[in-house]
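Since chain V is already given, all that's left is putting chain E on it; use the hints.
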Amino acid sequence: MSAVAETMNVTDERLAGLTLPAGGWSDAARKDALSRVQMMGLPSRRDEYWKYTRPDTLTQAVAVPAALFHNDEAALFDDIERLKIVFIDGVFDADASDDLSLEGVSIERLATADADIHWARDVYGVLETNGQKPVERPLAALNTAFATDGVLIHVTGAASKPINMIYLHNSETSDVMLHNVIKLDAGASLTVLETGPAAARINMVTEVEVADTAAFHHIRAQGRDHERRAATHIFARLGTESVFKSFTLTANGVMTRNECVLELTGNDAKATVGGACIGDGDFHHDDTVFITHDAENCESRQVFKKVLRNGATGVFQGKILVKAGAQKTDGYQISQSLLLDGDSQFLAKPELEIYADDVICSHGSTSGAIDETALFYLQSRGISKPVATDLLTLSFLAEAVDEIEDETLREQINERMASWLERRRG
Amino acid sequence: MLKIENLHVKLEDEEKQILKGVNLEVGAGQVHAIMGPNGSGKSTLSYVLSGREGYEVTDGEAHLGDVDLLDIEPEERAAAGLFLAFQYPVEIPGVGNMTFLRTAVNAQRKARGEEEMSAAEFLKVVRAKAKTLKIDSDMLKRPVNVGFSGGEKKRNEILQMAMLEPKMCILDETDSGLDVDAMKLVSEGVNALRSEGRSFLVITHYQRLLDHIKPDVVHIMANGRIIKSGGPELALEVEQNGYADILAEVS
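Quick note, the sequences are listed as chains V and E, same order. Here the first sequence is numbered in the working numbering, starting from 23 and rising by one per residue. Here the second sequence is numbered in the working numbering, starting from 17 and rising by one per residue.
In isolation and in its complexed conformation, chain V is listed as follows (with noise of 0.2 Å):
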């Protein structure tokens, strides 16, 4: 069989199980990614940007399922003060979730947003599609055309509190598909929180459009279950003097690509895309970023930390495409392993594409091991081995988190990276 055939029989399989939902306002916007879908097909190992992580798990038509996690700590961000939105395996659950009113935010499902928004309109698949040019995303596509629920919020002011999408996974073969759609308007402001690993198979896609001078914070923890897949997409537009920051937690998992796509359109604009990731055995992780710089004077910045042992994989590929024009452009990029150990492995492709003459645009990439010499600082001050190595790899970890704005938010994270670390010791 040749490849495209190959690709075009996993893509029917795929489809032939799926039926596009009833979305009203969202019909039009379906029916075109399913052609964007048709038109592409899923994707397959010889495509360039699949060189490292295996899609076949992602785009198979059936999903391998997934244990269920018995986590016995307390939920993340339990004691901030949030706006809860639950949902159990893509399904919502209105016991568990608070009331979707906050003041200066509009919020809305997906499933149940009536024809008369129309705020979405502009936005829901339509930053996707811009995301497609020029990698294509075709996981994306397939998730604007078949997505079943997801948030849809409309901040017009500055949000008094982070919204928190809450996503458990309760059963093993939960297979599943939700598309959130964030609108800043000009100087709005808002911090949301994900956390959870969602379903067995998740297929997630955030499309977030940021207006001049608005603020938007992005905080994300996927959960610690050893078995599930995610395949998940951030599309986000910047606008004049916004801001757009965005963090990934992941621990566990056997198969993640996280993709984040975004557009620096209006000047002095700037975007933080950072992630810390701790793999062990059974575990491949896949960052693959692109951020396109459209305008003057902006900046951004990618800062990403594996730490990977018995066996794991991380995989980072970013990309940074500066247009003609966009002079004054800073951008930053660094992406780091920790070893420790001799079977574990770190891929990562760094690109940068520069058609201005006036930026500053740097590119790091290291895979290292635990440092000996401060190994034995640590220790020949009392400090055990197994500790030392715990606070060393938080120290390796530490400037990825560091991107973290709200210092308490970031002081959660790090507790919870620290705890990990010490149950591992056991």
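By construction, these hints were calculated from the structure, which means they are not laboratory data. Among the clues, some could well be false.
Claimed, not checked - With beta-carbon atoms standing in for the labels, derived distance ranges: (1) E:S192 - V:G333: 42 to 50 Å; (2) V:T79 - E:N54: 53 to 61 Å; (3) V:D393 - E:D152: 26 to 34 Å; (4) V:N152 - E:E28: 55 to 63 Å; (5) V:R447 - E:P248: 47 to 55 Å; (6) V:A96 - E:E130: 25 to 33 Å; (7) V:D304 - E:E30: 35 to 43 Å; (8) V:I102 - E:S211: 45 to 53 Å; (9) E:V83 - V:G333: 35 to 43 Å; (10) V:I102 - E:D152: 26 to 34 Å; (11) E:G129 - V:R447: 16 to 24 Å; (12) V:T388 - E:E30: 26 to 34 Å.
To be verified - Simulated crosslink set (SDA-like; lysine to any residue; CA at most 25 Å straight-line): (13) E:K19 - E:K183; (14) E:K157 - V:A420; (15) V:K407 - E:V83; (16) V:K407 - E:D29; (17) E:K230 - E:Q103.
Treat the numbers as computed from the prediction; the structure is a model and nothing was measured. From the three backbone atoms N, C-alpha and C, an ideal C-beta is built for every residue, glycine too.
Quick look at chain E alone, frame taken from chain V:
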């Protein structure tokens, strides 16, 4: 306090003998200094005693009190009361100096079966000790040694020493990279810690440090052995004449 007998050490990865039979005994409350030309094995001795990897003990023994040092992990040596002030203190980004100190203090207390220090008690003690070393609260909050000047790093070593209250302190070229004022400050910190139950082994190239930290005994080390021992006047002799005379005298 510290007793080293016939210590022979080679590099683990190559056939290079570094220590060729070191004998040394430091009594309780005493300050001993080790001087010697580059490559004589001074720093190796400090690393082997504190348990750094990369060395192989081929013969001999080292005891701290009745603890056989060479048989245990670096952290166990620390808990037994050994402390090495590093020539080049290590920078550890992302780990707060205070967190590091408290983890170390409590790890040692736990290892000795003592009660751990509460956060409040620790804070009180560390602030008082930091003040005498002119370490401000910003330095305590910052990541371990990150962005510290040479002098600040050495003061931070002495602060760790003050907090950990070891029995046996080894200072590995603590004077290197210090200006006169910084050396004085560090020396005052060390002198404040001198007590009957605490001994010091000061490794240095220069007699100058010994003006501030007055030793009871001075040893000259060359080619992996201690070749001469004497009083403080031995350091002055080295300062004036170099090592050539002493080396000639013993060969």
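(message) Taking the Cβ atom of N152 (chain V) and the Cβ atom of E28 (chain E), is their distance within the range 55 to 63 Å?
(response) Hint holds: Cβ distance 58 Å, inside 55 to 63 Å.
(request) Given the hint of 26 to 34 Å, check if T388 (chain V) and E30 (chain E) actually sit that far apart at their C-beta atoms. (result) For T388 (chain V) and E30 (chain E) the Cβ distance comes to about 28 Å; the hint holds.
(request) Check the following: the C-beta atoms of G129 (chain E) and R447 (chain V) are separated by a distance inside 16 to 24 Å. (result) Given range 16 to 24 Å: holds, Cβ gap about 20 Å.
(request) With 35 to 43 Å as the target window, see if D304 (chain V) and E30 (chain E) comply at their CB atoms. (result) Once the Cβ atoms are compared, 39 Å apart, the range 35 to 43 Å for E30 (chain E) and D304 (chain V) holds.
(request) State, for the Cβ atoms of T79 (chain V) and N54 (chain E), whether the hinted interval 53 to 61 Å holds or is violated. (result) holds, 60 Å
(request) With respect to the beta-carbon atoms only, verify the hint that R447 (chain V) and P248 (chain E) lie 47 to 55 Å apart. (result) holds, 48 Å
(request) Indicate whether the distance between the beta carbons of A96 (chain V) and E130 (chain E) respects the range 25 to 33 Å. (result) holds, 31 Å
(message) With the threshold set at 25 Å, check whether the alpha-carbon distance from K407 (chain V) to V83 (chain E) stays at or below it.
(response) holds, 20 Å
(message) Holds or violated: the 35 to 43 Å window for the beta-carbon distance between V83 (chain E) and G333 (chain V)?
(response) holds, 40 Å
(request) Please work out if K407 (chain V) and D29 (chain E) have their alpha carbons no farther apart than 25 Å. (result) holds, 22 Å
(message) Does Q103 (chain E) sit within 25 Å of K230 (chain E), going by the straight-line distance between their CA atoms?
(response) Judged against 25 Å, a Cα distance of about 20 Å means the pair holds.
(request) Confirm or reject the claim that I102 (chain V) and S211 (chain E) have a C-beta distance inside 45 to 53 Å. (result) holds, 49 Å
Hint violations for this structure: none, all hints satisfied.
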